[in-house]
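A.B. asks: Protein chains in written order, with the numbering used here: chain A, 1 to 170; chain B, 1 to 297; chain C, 1 to 937.
Worth flagging that the hints you see were computed from the coordinates, not collected in a lab. Ideal Cβ placement from N, Cα and C applies to all residues, glycine included. You can trust all of the hints, since none of them are fake.
Where chain C lies over chain B, by a calculated footprint (3+ residues, C-beta under 8 angstroms):
| # | region |
| --- | --- |
| 1 | 1-7 |
| 2 | 41-51 |
| 3 | 118-127 |
| 4 | 152-159 |
| 5 | 189-197 |
| 6 | 252-261 |
| 7 | 270-282 |
Stretch-level coverage of chain C by chain A, calculated; a stretch enters the list once three of its residues show a Cβ under 8 angstroms from a Cβ in chain A:
| # | region |
| --- | --- |
| 8 | 198-208 |
| 9 | 702-714 |
Residues from chain B shown here face chain C by an in silico Cβ test under 8 angstroms; the list is partial:
| # | residue |
| --- | --- |
| 10 | S36 |
| 11 | L37 |
| 12 | A222 |
| 13 | A264 |
| 14 | S265 |
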Amino acid sequence: MTDRVPIQVAVNGQRRAGEVEPRLLLSDFLRQDLGLTGTHVGCEHGVCGACTVLLDGDAVRSCLMLAVQADGHDVTTVEGLTPPGAGDALHPLQAAFHESHALQCGFCTPGILMTMIPFLQDHPAPDEREIREALAGNLCRCTGYQNIVEAVRLAASRRAVPTPAEGARG
Amino acid sequence: MKPAPFAYHRPETVDDGLALLAAHGAEAKPLAGGQSLIPAMNFRLARPAVLVDLNRIAALAYVREEADGTRIGAMTRQRTVERDPLVSRRAPLLAEALPHVAHAQIRNRGTLGGSVAHADPAGEIPAVLLALGASFVLRGPGGSRTVPAERFFTGLFETALAPGELLVEIVIPAMRARTGWAFVEVARRHGDYALAGVAATVTLDDAGRCREARIALLGVSAGPVLARRAARELAGELPSDKRLREAAGAASAKDIDPPGDIHASSAYRRQLVAVLTRRALATAFERGAASGAEPGP
Amino acid sequence: MAERYVGARVPRSEDARLLTGRALFVDDVQLDGMLHVAFVRSEHAHGRLRGVDAAAARRHPGVVAVYTAADLGDYWKPGPLLVPPPPIPDLIFHACTQVPLARDKVRHVGEPVAMIVAESRYVAEDAAADVIVDIDPLPAVVDLEAAMAPGAPRVHEHLASNLAAHVVQRTGDYDAARAGAHLVVRRRFHYDRGLSAAIENRCVVAQWDPRAEELTVWDTTQAPIPIRNGLAAMLGLSESQVRVVAPFIGGGFGPKIMMYYPEEVLVPWAAIRLGRPVKWAEDRHENFFATTQERGQVHDAELAVAKDGRILGVRDVFLHDTGAYDPYGLTVPINSQCTLLGPYDVPAYDTEFTAVFTTKPIVTPVRGAGRQHGVFVMERLLDIAARDLGLDRLAIRRRNYLSRDRFPHDHHILFQDSGPLVYDSGDYAPALEQAAGLIGYDRFIREEQPRLRAAGRHVGIGIVSYIEGTGIGPYEGARVTIEPSGHVRVATGVGTQGQGHFTAFAQIVADVLGVAIERVHVVTGDTREFHWGTGTFASRGAVVAGTACHAAATKVRERIGEVASRLFGVSADQLEVADGRVRVRGTDRSIDLGALSAQSNPLRGAVRPGTEPGLEATAYYGPDRGSTASGVHALLLEVDPETAMVEILKYVVVHDCGRLINPMLVEGQVQGGVAHGIGNAFYEQLVWDANGQLQNASLMDYLLPTATEVPRVETAHRETASPLNPIGLKGVGEAGCIPTGAAFAQALEDALADYHIEITEIPLSPDRLFALLQRTTPERRNLVVVEGDFLFHLPRRTVWDALQDPALLVRALPGGMQLERSGESSYDGLMKVGVGPVTAAEFTVRVTILDQEPPVRFGMVVDGRSALGFTRGSAQVTLTEGPEGTTMRYRAELQIGGRIAGLGQRLLDTASRLITRQGLEVLHRELATRAGREGPA
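Only chain A is shown next, with the shape it has when bound in the complex (with noise of 0.2 angstroms):
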C-alpha cells in the first residue's frame, strides 16, 4: 500500500482532508498541501525544531510525523495562533516577542512559539532554568536566546497564555 491515503485532519479548527503518499512527513503536508508556510523545515532530523506544531495540544516535531499519523488529530500550526484576518493582531506570545526583540530572521520562530504555547500552559509561573531548558529544543543561530527567554519572562508574568483550566488552548 505505497498508494494514497485519504486522511483528515483538523488544523487550525477547520477540517482539512488531503490524499497523501504515506512517506509524506507532516512538515511537507502542512506547507505544500495546505499551504501553512509558517511552518519552517530546517534539518528534517528532529535537531533544530523550526517545524515544532502541536499535535492535539503538545508540542511535537512535524518532520518526524507522517502526515497520514496525523489523521484524526487536531494539528495547531503559527498560523492558528491569531484568528485568520487579524492582520497585524498578535497573540500575546508573539506580543511579547515584538517587545522584547525576541526575533531576527524570524526562521526558527514560529517553532520556539509552538514550543513555548504549551510550556507556559504547563509552567505559568517559570524560572529561566526551566525556559532554557524548555527552549533547549530549538536552535537560533540570530539572538543567543536571551531576548527569548526574555520574551517567555513576559509573556508569562501577564499570564499571557491560559493554562488548560483557564480557557482554550492556543
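Fit chains B and C to the given chain A structure using the hints.
C.D. replies: Coordinates of chains B and C only, in the frame set by chain A:
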C-alpha cells in the same frame, strides 16, 4: 532528506499488528514513536519496505500498578510516563532520567517501548530499566513471554525480540525498602546523546550497608551494561569515599571497554564512567539511607 | 529637526509578519507546475570523474530531466572571481573557481555531479539513487601542512602545488624589534572549521514567463543585485529581464553572499529550458557540503615585548585553508592579517600567509570572516607574555592601546577592500575599564577566586579586546519617495537576513523627513525595486546603506523645501518640516507632505525646466574606507576538571560601534554573535578524516549551542562616532563572535591554573580538554581500526586453509551472500550489512590478497560500495601456532565514506569491532565443526 517509499499499515490491535508483521516478514518494520526511525528514514539510512504503525493500538498505552510492580504499556509516550505520579512514586529513577531523553517535543511522541526495542547504546531508558531490574513482555504469533532486561539487550541495537514479535509491556518491580537511586549523565548539550551515563539503585540493610547495587552504564558499550564488578565491590560495604572510588574504578576499568568516537575518546569515556559512577552511588546511598523501611519511597 | 528615532529602542516593523507565519521565505514560494530538484553529489573528496550514467534515473517515473556537466554545453563554465586580491607587492594568487557540475574531477565531498528535476523532491531523491557515478579516487588533501609538502597530491593539477595565494605585508623593522626585545613569545595556534548554520538552508526558485520574457528568481542570497546581473549575463538576457528577489532570509552569516553557487546557476537555466518553475531547497545534510564554510588556519606567531610589556613587534606566518576553490579571493586571510593588530600600537609587523587548496568545501567569509583568528593569536600572545613578565592581563593591554589622540591611525598595510588599513576613530582604554568593572575583575582576582580555589572550585576569568573593520565599500544606494498618501517608501539594494534593516533604515528616514516611523515602509532585496548595489556583508548594511538612506532622505527634504517654497512663496529657510507637514514658520500656513507630493506631480501644467516631478530622490554612499568598531569581552566560567565540562557563569560585552541607530538591535546582534562565538569556542567543529570525509554531517553531531549553553550577555555601549559618515555609524554584525574564543581560552586557563595548561587552539571540546588535562596527544580518528587476537583451538594449517576457502569465509562475513574467486588473488562478493536502524544495504565487495606467506601471514585490500556509501581498507593477518592452538592476530584499517561516514560515527567503532568478533567466532565454530572438536571456551 525525504523517506523512500514504503507500504503503510496501521493496525488497531496487537493481534492485527502481529498478523501484519507475520505477513510481511523481514520487510516490515514496526513504527512506534518514530523519533529515531523517521530521522533515519529521512536520511535514507533506513528504508523499510513496509511500516506497521503501532500508534493506533490504544490498548498499549497505560501506566498501572499491580502486585508485581508497575506495568507500562509499550506505546505509552515518554512524556506521559515522565509526568505520571505513579511512576515518580514507584520508579523515581525512571522519572529522574526521562527529562534527559532528548527534548519535550521528542518525548511527546517517543514511546517507552520504542526506546527499549530500539536499544540505542546511548539510550537512557534501556539503562534505567536494566538498573531497575525491569522485564519486558513480548508477544509473538505463538503467545507471550517475559524477558528480564539482563537478557533482553543482546548487542548493538540488538535485543531478544524475535522476528515477528512485539514488545507490549514493561514491568518494573516494586523497589525494596531502603533503596536509593540516582541517574547522572554527561552530554555535550542538554538533550544530546550522553557521552556516558549511569543509572544506579542501591538497596541497604538496616546498618546502612549495601545489600545489592545495580549499576547500569550507558553510552560506553554496544548496549546498556550492568557494572557487575563494581557492584561486587560494594556488597556488604558502607559508602565510604574510598569504597565508592574503588567501585567506580572497577566499573570504569573492568566492566567496560568503551568505544571512541569524535565526541569522546575511549579514555575519556572511562574517566566519565569513573566519575559518574562515584557520584551516582553517593546519591543513591544517601537516598537509600534517607528512605524508610517501607517498600517504595 | 528633532531626532526622535535614531538612537531609540524602536521595536521592529518586520516582526508581525514573521511572528504570524505570513513572512515569505524562499522555500515558501509555491508555483503552479513547479518542479523540484535533487543533486547527485560526490561521495569522494578527490577523484577522477570517469563517467556519470543517468540513464536509469531518466527513466524513473516522475523525473523530467537529468543533467550532467556534458548536458550543459556552453553554459558550463567556472564561476567568476568575486573579490580580486588587493594590490599588495609580490602577491601571488591563483584563481580557481567553482563549476556548476563536476567534469573530469571532483574536489570535495558534496560537489554536485548531476542535477535531477522531478515532479517532487521525494521522487528526485528516489531517482538520485539510480545515477551511477564512476569516480576513480585520488588521495585527499586535508591537512594544511601536508598539502604544501613536496609531492602532495594537487587539487588543481594545472598548478605546480596546492598554493592558492601567498601574501607578505610588512611595516616597521620586526627583526630589529626582536633583537631589542626583553621577551619573545612564540607559539603555534590552530583554528578549525565550522559552519555558518543559518537555520534556513539555501533555496532557489526560478520561473520563466515566456510572454513577458522575464525570469524571476527567488534566492536566499545576501546579494540579490549582483546575482541578477550575473544571471542575466550568463543566460544572455538583459538585466531588466531578470528579477531577483531575496525576500525574508532565514539568517545569512556570510555564506549566502557567495556567488554563484552551482544551484543558483542551474535552477534558472533549467526553468527556462523546461518552461516550468523549478525549485531547489537545500536540505540540512547537503548544507554540510554545498554551502561555504570557514575558519581553518594554522599560525606560527611571535610577539616581541619590552620588560614593561610594551609591544615592540609581531611576526605571524600562517596557512589558510581555502577549500577546493577560491572564488572569494583573499578576504578571509587578509582580515586575519589586519585584525591581529587589534587596538594596539604595534610598531613592527611582519605578516605572511599562504592560502592552501584542500579537498574540502569552499571557504568564504562566515560571521567574523577571519577576524577571530587574528584576535585569538594576538590576545593569546599577550596573555602568555603577561604571565611570563608577571604582569596583570589588564596591565599589558592598557600599556599598548592606541590612545585617543592617535586617530586616524594608519597601519601601513592594506585591508581586504584594497584600501590602506586606517582606523577612523577609537577610544579603547575606557572600554576595558568599563568591562573590568562590569565583570568585577579586581574583586574576583583579589577575593573571590582565592576563596573558590580554596573550596576546590575551578572558576576563571577572561578579558580581551578586539577591533572590527566594518562598513567597507564599494557603495550602496537608496531611493526615498513620499507618496501622495503621505507614506514614505524607501528602497535599497541590500538583502536583509534578520538584522532589522527595515526598522533601522526607517528610523533614519523618519528623522530626516520629520514623519512618524509608522509611515515609512522599507523594501530591500528585490531588484525590481532597486537595482544598484552590492549586498549585505562585512558588517556594512547599516553603515553603508543606512548612510545612503540618510543621503536620499536629505535630498528629498531639499525637494520639499523647493516645492513648498514655490507653493507658499517663501524662501526655504522660512519652512519647517515636522509631524508629516511642512509649515511656514510662525504662521498657520502648512501642507501635509502627501498633499505636497501630489502637487509636485500634476496632471496638468508643466514641471518646470530643471526640476523633476514628485518628492523622490536617489542617493548613493561609497565610503573611501571602512570604519573601525571595537570592544571588550569578559567572562567568568567554571570547569569541572573531573568531567572536563565547562559552564559560563557570566558574560559581559562593552561595545563601541559609533553612533547607535537602535541599541536594541545592536544588543541583539551582539548577543547572537556571542552565541556563535561560544559555539566556535567549545561546541562546533567540522571533523574531517584523512580522506576528506566529514565525520559529523548532521545537527546531532555538529553541535550548535542551545539556550542551555549560551549565557546571558550583559551589554554596555560606548559611542565613538565615525568621522567617515554623517551619522557617525560603524558596523556591528560580527562583533559578538570575534573575540569569544580568545576570551574563553584565557578564562579556561585561568580556571585551570593549577593544571598549568596552555590553550592554543579553537575549537575546544570536553574530549580535547580532557586530553590536555591528561597531557595526552589527541587521537585523530581518521580510520576505523579493528585489531585484536583470536585463538583457534586448531592447527595453523587448518586455519590457513579455511581462510583460503571462499565458501567458508562467506559465512563469517556480516550478511555474507556470495564470494567468488575472480582472479589469481582476488575475490568478488556481495554482502548485506545493516546495523540497528540502518536498513541492510547491499555492498559489492572486492577483496585482493597481497603479501601471502603461507601459512603465516597475508594482507588484503578490501573495496566495498553501496547506496549508503563506500568502504576501502586493508588488513593484515598473522597466524602463530602455540600449545593451545593457533593465534590469529589481525589489524584492519577501514576508510568509510559517503552517508554512513557523516551520520554513523557514533556507532562505527562498536559496530566494526562487533562485526569482526562475530565473524571470527562464526569462523571458529565452522572450523571446529569440521575438525570435530569443541568451540572456543
